[in-house]
Amino acid sequence: MATGWVILIGNLFITLSSYTAGQDVVQRYISTPTARQVARAIWTNAIMVIPSTMLFFAVGTALYAFYKLNPGNLDPTLQNDAVFPQFIVNEWPAGLGGLVVAGIFAAAPAHEQPQQHRHRLGE
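Quick note on the working numbering: the sequence shown kicks off at 386 and runs consecutively.
Hints are computed from structural coordinates only; laboratory data are not their basis.
Where hints are given, some of them may not hold.
If you anchor each label on the Cβ, the simulated ranges turn out as follows [to be verified]: (1) THR446 with THR400: 32 to 40 Å; (2) GLY480 with ILE415: 41 to 49 Å; (3) PRO456 with ILE415: 50 to 58 Å; (4) ASP466 with SER402: 15 to 23 Å.
Everything numeric in this text was worked out from a predicted model, so none of it was measured.
Beta carbons: idealized from backbone N, C-alpha and C, even for Gly.
Using the sequences and the hints given, assemble the complete structure.
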């Protein structure tokens with residue numbers, strides 16, 4: 386149970402800066418008509434980030450367990466951030482890996498859009 390508290394408290398500090406100082410997020414707050422709607426959006430986001438954070442930690446734990454049971458499948462010289470892509474390429478069926486790549490390409494424009502607008506404004 387202590388690990389869960391560490392995840393929740395750590396995630397609070399990690400996401401605090403992006404929810405309070407991120408240009409795209411603050412712009413959404415400012416453009417929302419009422420303070421009540423802003424508060425609702427902040428609380429909804431705060432609640433929804435908990436399951437997504439737990440999902441990311443669960444995926445990492447599952448990868449650790451998989452490669453602990455199958456150490457021959459993991460390249461020992463591989464960097465930590467390359468383990469999940471290697472798992473997708475080597476262990477998943479080809480179609481499922483393609484869906485992950487398609488999802489990454491679909492999400493990339495939504496992530497980059499606020500940064501592009503910020504540069505247009507000269508910030």
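Hints, one by one, checked against the model:
1. THR446 with THR400: 32 to 40 Å: Cβ of THR446 to Cβ of THR400: about 20 Å, so the range 32 to 40 Å is violated.
2. GLY480 with ILE415: 41 to 49 Å: Hint holds: Cβ distance 43 Å, inside 41 to 49 Å.
3. PRO456 with ILE415: 50 to 58 Å: Holds - the Cβ-Cβ distance for PRO456 and ILE415, about 51 Å, lies within 50 to 58 Å.
4. ASP466 with SER402: 15 to 23 Å: Distance hint for ASP466, SER402 holds at roughly 21 Å.
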